[in-house]
Structures are given as structure tokens and as C-alpha cells.
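Enquirer: Sequence:
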Amino acid sequence: MVNIKYPASSRQATLVAVLASAILMCGVAVAQAQTGVAAFPNSFEFEGPLRGGTAVQSLGLVNDAGEARLLRFVTIGDVGPWIEVRQVSDGEAIETFAIGAGGDATFDLAVIVPDDIANGTYEGALRVLSGSTEPDDAAVEIGVELPVIVTVNGTQVIAAAMEDFTVGTAEVGTPLPLSVEIRNEGNVAISPQVTVVILTATDEEVASITFAETRIRPGESAVVVDAWSTTSADVGAYVATANATIGSVVLPSRIARFELAPGGSFTRSGEIVSLELANRPEAGGIAIVNAELRNSSEVTAGIRFNGELIYAGGRIGDVGSLARRVGPDETTIVQVFMEVARPGEYQLSGSADVDGILSRPTTFAFSVGAAEGRPVLLYFSLAAGALVLVGLIVWRRRATS
1 MVNIKYPASS RQATLVAVLA SAILMCGVAV AQAQTGVAAF PNSFEFEGPL RGGTAVQSLG
61 LVNDAGEARL LRFVTIGDVG PWIEVRQVSD GEAIETFAIG AGGDATFDLA VIVPDDIANG
121 TYEGALRVLS GSTEPDDAAV EIGVELPVIV TVNGTQVIAA AMEDFTVGTA EVGTPLPLSV
181 EIRNEGNVAI SPQVTVVILT ATDEEVASIT FAETRIRPGE SAVVVDAWST TSADVGAYVA
241 TANATIGSVV LPSRIARFEL APGGSFTRSG EIVSLELANR PEAGGIAIVN AELRNSSEVT
301 AGIRFNGELI YAGGRIGDVG SLARRVGPDE TTIVQVFMEV ARPGEYQLSG SADVDGILSR
361 PTTFAFSVGA AEGRPVLLYF SLAAGALVLV GLIVWRRRAT S
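Counting in our numbering, the sequence shown runs from 1 upward without gaps.
Don't take every hint at face value.
To be verified - Per label pair, the in silico range of CB-to-CB distance:
#1 N153 x V74: 45 to 51 Å
#2 Q87 x L277: 51 to 57 Å
#3 E282 x V74: 51 to 57 Å
#4 D116 x S229: 19 to 25 Å
#5 R127 x V206: 57 to 63 Å
#6 N153 x G236: 52 to 58 Å
For the record, the hints were derived by calculation from the structure and aren't laboratory data.
If you're wondering where the values come from, they're calculated on a predicted model, not measured in any experiment.
By construction, the Cβ of each residue, glycine as well, lies at the ideal position given by its N, Cα and C atoms.
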């Protein structure tokens, strides 16, 4: 590398020119990186976004450099953890983006405001760092820094409504589905606590079920689902009352009446929707099949795959899956794991097992490849050859000494 020295007067003139250019650039609403990547606007201000909500503005990037650049997004400051750069097409958050020479791109700059943040002004920045797209290029990244200011000044409003409360159908000893739909009508995210109290026809409390909390954003609805086991319950009529609270805010209750039927009152049935190989099995390994099952029963029931594995026309043994509880006319996917000792063609034959009631059997054929063994003989030959070569070298040295 050749170092060129300039006269002092030349260096001073150059410094003055650079400073003048910097002063002129201060009035331009575009941030320009030294690599030729520009960002617009050059700053972002969010005034009064909702707590627990998301505010979005557009971010534009232009690559004026003569080569493709890899952009990397880094956030700093108090609002750094709140910032996401998202694709406009699908809303997916990204951390890097490759932009071609002379290309441009538009993104969404999203700010996700925490639920419990206090009123005030919060600052941070988005850094758009630009580097080479070449994996072996160790050049230092340089880029632009875009200030982000978020002012939270709205009054927190907690309001919600219980829009629906439904109780499923069940027999004594089987889970009774419970679902509560809540709509957030405030301006902050909420996590309601839902409790369902179950009484007999004589107002005797037999159960109290507290649901897991579900986070609901402003303007959105969510269905909170749980179940009552009914293990120790009696056949007969019941009344269920759903209560919901959000901190000190109590929502109006809803009531649902239902009956528990004797065991065996409702039909059980199911079907296999599809069977699909989930991996590429090799001899001596495990074959995995995804089984999609439908519960065609009138009630929520346990459903599993129950079948046998066949190889070369002979039965190897029973196979099955874990059971899952599924609502009426709903589907689920379970996995069937099978040991496959030899390569060749296998058949999986089985049924949907709904609380012991089997569906019409379905047969699924799949292939198992030969195991990719290690070339032990080759390794042994190479090792033996190396030993012979070392022996010859030692013998020649001794012979010449």
C-alpha cells in the first residue's frame, strides 16, 4: 500500500469542503450512508400510540452504490426493544435484507408499545448497517442511524365485553367443554381471568374452574377454552356461570344451563382423513407417519391411531399413537413411530380408535431405504497403506545409515 502525503494547505481545504458538505446535508430529509445506501425519512415520530398496540410507518431504502449490499437492522435506546422492521407483503419481521445495485425497497417500521408503559416520551434509533453480500468479505459495516421517538400520552382505558359463553355436550366421566368469548373494547391489551362456577339444580356448587389468562389486543376478540372433568359428577341438570375480571374491572356474567348424560348415551365414531410419511426412513431406524384423524362423535372423545405393521406379507406387530381429546367433528394429527429393521416395502394398516370404537381400517404403503453404512473396509485399507508407507521410509533410512 502506498501512502500519499498532502501539503497542509491542501488538507485544510479538503477539511473545509467536507464540513461544508455535512452542513448542507443537515437540511435534507434523507439519511445517506457512506456506502451509497440512503434511508427515508431520516427520523420517525410516533405520537400517542395505544398501550399494547402497534403503530406503523413506512421506511424506504435506496442503494445508490455500484454493487449489491447486505443491510442489517439494529435497534438501540429505550424504544429499541419495541422496534421491528417488517416486510410489507406479509408483515414478517426481518433482521437482514439484500438489496441490489441501484435497487430500492420499502418496509414497515413497527413500534410495539408495552402494555404497562407510563406516559412520557421515549427515544431510541434504528441503525441500518450496510455490508458486502460476499460471505468472505470482512469489511466493516457502516450505515445510517434513524432516530425513533415515541410519545405515550393517552389515558388508559380498560373495557371489555363477554360476548358469548357456551357449554358443550358430555356424559358423566368425560370432559365437558367450556368456552368464553371476550372482546377488548379499551385501548390497552388485557389478560382477563375467567372463572366458571357450576351448580346443581339445587344451587349446590360442585366445581369452580379458573381459565388460563389469554392476552387480547385492543379491538380484538379471543375465545378462552377449558373443560370440567365431570369425574365425580352425577347425571342430571346443572347451571354454569361464567365470570371474568380484568384487574379491578368486573365484566357482566353469563349463564348457561346443561345436562350431564349417563355414560354411553352418545355415539362414538371416527375416521382416518389421511396418512403421510413424515421422514425418509432407513433400515435399522424409525419410520414416522402423520395420521390425521377426525372425531365424528356427538361428544368430545379421545382419539388415537390403532393398527399393525406388515412387511413382506407378514405381520411384524401392533403399532399406535398417543390419544388426544378432540371435539365433535374436529380433526387432529397424531404421529405413529415404527421400528423398521430391513429395507423394502412396508404396509401400515389401522383405524381411528375413538374411546375403543374402531373405524373402517385404512392401509398405507411406504418404502424403507438401505442404511448408508460407513466404508469401513476403505478406512482400514487406507490405514494399512499408511502404515506400510511409514515402514518403507523407516527401512530406507536405516539402509542408508
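Enquirer: Indicate, hint by hint, whether the structure satisfies it.
Expert: Verification of the supplied hints:
no.: 1; hint: N153 x V74: 45 to 51 Å; result: 28 Å, violated
no.: 2; hint: Q87 x L277: 51 to 57 Å; result: 33 Å, violated
no.: 3; hint: E282 x V74: 51 to 57 Å; result: 44 Å, violated
no.: 4; hint: D116 x S229: 19 to 25 Å; result: 35 Å, violated
no.: 5; hint: R127 x V206: 57 to 63 Å; result: 60 Å, holds
no.: 6; hint: N153 x G236: 52 to 58 Å; result: 56 Å, holds
Hints 1, 2, 3, 4 from the list above are not met by this structure, while the remaining hints are.
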